[in-house]
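So the chains spell out like this:
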Amino acid sequence: GAVVSQHPSWVICKSGTSVKIECRSLDFQATTMFWYRQFPKKSLMLMATSNEGSKATYEQGVEKDKFLINHASLTLSTLTVTSAHPEDSSFYICSARRGWTRSYNEQFFGPGTRLTVL
Amino acid sequence: QKEVEQNSGPLSVPEGAIASLNCTYSDRGSQSFFWYRQYSGKSPELIMFIYSNGDKEDGRFTAQLNKASQYVSLLIRDSQPSDSATYLCAVNLNAGNNRKLIWGLGTSLAVNP
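Those sequence lines, one after another, are chains U and B.
With the first letter of the first sequence counted as 1, position 71 gets the number 73 in our numbering; the numbers rise by one all the way through.
With the first letter of the second sequence counted as 1, position 53 gets the number 65 in our numbering; the numbers rise by one all the way through.
Hints were generated in silico from the structure; no laboratory data involved.
Cut-off 20 Å, straight-line C-alpha distance, at most; resulting in silico cross-link-like pairs (PhoX-like, lysine-lysine):
| id | chain 1 | residue 1 | chain 2 | residue 2 |
| --- | --- | --- | --- | --- |
| 1 | U | K44 | B | K14 |
| 2 | U | K43 | B | K54 |
| 3 | U | K22 | U | K68 |
| 4 | U | K57 | U | K68 |
| 5 | B | K54 | U | K44 |
| 6 | B | K79 | B | K14 |
| 7 | U | K66 | U | K22 |
Model the full structure from these sequences, guided by the hints.
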């Protein structure tokens, strides 16, 4: 159990276009999902926390108008990179939390989406 | 600033040896601790988590937690070349309703045949 899918797995787009990435928890309900970005040979950078039915919480320095997050259901969250530029090229990874007490924060990751903006 | 620190490595061990990965954290209120493995170009996968002081064993992996010293470690017994990856330590930060993991930068492990 605890499978998270992400779509697409890779995307190449032109500068100025918008790209939508989907994250789904396949066999559990996730009230909270997380969006990360990772540059080559660098650590994970949390971009935002996505809660079902409410606005996402963005980390400092992440532009909420550029990275739109919608958590429409308990199994689906989407990240839209608006007006993408080459510097947005990165590996975007979502995770879903399957926690059953307030102490746990067990996160399961999707396979990631590699975005290349030309 | 809540921090999680790991030695970046690379840590190199021969096949069959025990690999020891260490992690320290700054927030004394942290309650749960996670070890993830990440292969190059892939997303992290959860190896195990621990929340009580002491040891927790799962197959070849043992997590050790010492809350007084704010220290958590991961031991990999009988290391295999397939264990070569970056190991990420993550600590659960309870910040009101915004619970999230604070991540270390990871330790690169190389297991040599």
